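Chains A and B, in that order, give the protein sequences.
So in numbering that gives the first Met the number 0, spot 130 of the first sequence is number 129, and the numbers just go up one at a time.
So in numbering that gives the first Met the number 0, spot 78 of the second sequence is number 77, and the numbers just go up one at a time.
Hints listed in this document are in silico derivations from the structure and should not be mistaken for laboratory results.
In this text the structure is predicted, and so the values were computed from the model without any measurement.
For glycine and all other residues, C-beta sits at the position ideal for the given N, C-alpha and C.
Treat the hints with care, since some could be wrong.
[Said to hold, decoys possible] Below, computed lysine to any residue pairings styled on SDA-like, alpha-carbon distance capped at 20 angstroms: (1) Lys191/B - Leu85/A; (2) Lys191/B - Gln87/A; (3) Lys155/A - Arg120/A; (4) Lys191/B - Val81/A; (5) Lys191/B - Ala80/A.
[Stated by the list, open to error] Far from chain B, by Cβ distances over 12 angstroms, these chain A residues were calculated: (6) Ser8; (7) Trp17; (8) Lys155; (9) Glu223.
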Amino acid sequence: MGYHLDFASVLTGQHLSWLVRGIAVTAELSIASWLLAFGLAVILVLIRMSGLRPAEWFVGLYVEYHQNVPLLVQVLFWYFAVPELLPQKATIWINERDSELIFAIIALGLCFSAYMSEALRSGIRAIPKTQFEAGRVLGLSYLGTMRYIIVPQAVKISAPPLVNYSLLLFKNSSLAMAIGVHELTYQSRLIENDTFRTFEVFTVATVIYLSISFLIMWVGERFERRAPAH
Amino acid sequence: MWDIMRDQGVLLLIGQYPNGPLGGLVATVLLAILGLALSFPCAILLALGRISPYRAFRSISSAIVQTMRGTPLLLVIFWSYFFLPLVIGHAVSGFTTMVGALVIYESSYLAEVLRSGIEALPKGQVEAARSLGLSYWRTNYLIILPQALFNTLPSLLGQFVSIIKETSLGYVISVNEFTFAAAQVNSVLLTKPVQVFSILAITYFLLCSSLTQTARWLEGRIARRRSGQVGRVVKVMPLPEPAP
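Take these sequences, add in the hints, and give me the full structure.
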């Protein structure tokens with residue numbers, strides 16, 4: 000066809016630095032929202048296990064909302080609608096910083112906290128109730144029983160789905176481009192606009208995404224081998 | 000919020016149709032149905048490939064499935080946005096691009112659902128069919144797939160919910176679907192983002208959660224039906240973990 004592949008124009012100079020920045024932002028976004036998601040997921044599970052009806056009901060609704068509304072819509076909602084609802088001081092504080100990135104982290108983190116809390120909950124529910132009772136009988140508090148007896152066992156069962164959700168979180172961090180976060184997909188579009196080397200840019204981006212995804216899948220497989228579920 | 004529904008409701012529901020392209024919620028549902036229907040045959044082939052007795056087929060299908068599991072849907076959309084016209088030879092609409100991307104991406108996920116459905120069937124089913132002299136294809140067509148499809152019906156419905164959610168990504172390449180319509184309404188009204196995006200989120204929520212509930216109900220029904228049958232060891236398929 001007379002088309003000459005030219006990876007050099009994509010992988011040198013200014014374009015390389017754009018690409019590197021994209022990788023860095025994707026990493027920052029994924030790691031920050033993963034931490035937020037996991038922390039929130041633990042809190043959500045504790046609330047749901049607490050036995051307080053209204054609180055449980057609230058968490059149930061929280062999970063249903065985040066699982067049944069497209070992630071992109073959640074991201075757009077945070078970016079366009081939430082600033083209107085926040086007090087002005089908070090909006091100014093966020094706008095002084097990288098507002099797109101902050102909202103993307105919150106949206107991804109909240110969404111995946113719902114999925115991860117469900118994964119943790121199914122792990123906890125798989126553990127016989129007697130384990131909990133035994134912990135309490137031995138004199139451990141509610142939180143102590145959770146911390147030393149239930150959670151370590153539940154994590155083993157929950158690990159495979161948790162790794163799967165980490166993979167999905169990483170992949171879906173690309174949605175942040177819709178609100179202008181300069182992550183890997185956004186930067187590839189930029190380079191594509193600048194060089195018209197569509198095939199080369201997307202090949203490079205896909206290879207980067209794939210290598211990190213395969214790394215996460217590999218970690219997941221190791222977990223599954225070490226701790227077979229059930 | 001009600002004013003917006005009254006003034007912009009038609010645009011949100013069907014876009015500019017019949018004076019322009021079909022859009023809005025109807026286009027979203029249509030995209031999702033087409034995505035599911037067209038990826039289904041590809042998914043069956045991929046699933047059969049994943050458990051094929053021939054190593055070559057297994058490797059090829061696994062490679063396809065794992066690649067799609069590792070690539071963001073957004074990148075798949077951009078790939079088909081730029082290369083579908085090259086492959087077909089003429090320009091294609093955003094709608095077609097989106098259907099293409101969904102089929103490429105979803106075939107792999109659907110294949111995994113179908114594969115687990117096939118693998119949950121007792122091995123004796125294949126063995127019995129083969130001993131009766133049925134060929135590989137007739138075994139699958141007459142014995143394995145009908146049972147596997149029935150058992151995976153709830154999971155397929157769950158996957159359909161995922162596809163509905165994924166159609167929202169069409170917004171990024173300006174496909175006339177529900178999210179795009181809402182963003183358009185938002186940029187016309189300018190001052191009512193909370194109301195517009197609430198309508199958007201609530202509608203998706205009602206649509207998807209009612210389908211999710213149906214999937215759970217179906218799962219319970221099929222489980223009960225299966226457990227009532229004597230002498231058949233069929234593992235009941237649990238719903239797969241939901242995905243965004």
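Q) Taking 20 angstroms as the top limit, are the C-alpha atoms of Lys191/B and Ala80/A close enough? A) holds (8 angstroms)
Q. Within a Cα-Cα threshold of 20 angstroms, do Lys191/B and Gln87/A meet the stated pairing?
A. holds (17 angstroms)
Q) Trp17/A clear of chain B by more than 12 angstroms, beta carbon to beta carbon? A) holds (16 angstroms)
Q) Closest CB-CB distance from Glu223/A to chain B, is it above 12 angstroms? A) holds (14 angstroms)
Q) Within a Cα-Cα threshold of 20 angstroms, do Lys191/B and Leu85/A meet the stated pairing? A) OK: Lys191/B and Leu85/A at ~14 angstroms, within 20 angstroms.
**Q.** Non-interface label on Ser8/A, tested against every C-beta of chain B at 12 angstroms
**A.** Answer for Ser8/A: holds, closest chain B Cβ roughly 17 angstroms.
Q: Test the statement that Lys155/A is away from the interface with chain B: the closest C-beta pair must be farther apart than 12 angstroms.
A: holds (17 angstroms)
Q.
Between the alpha carbons of Lys155/A and Arg120/A, is the straight-line distance 20 angstroms or under?
A. holds (12 angstroms)
Q | Hint consistency between Lys191/B and Val81/A [alpha-carbon to alpha-carbon, up to 20 angstroms] | A | holds (11 angstroms)
The structure is consistent with each of the numbered hints, conforming to all of them.
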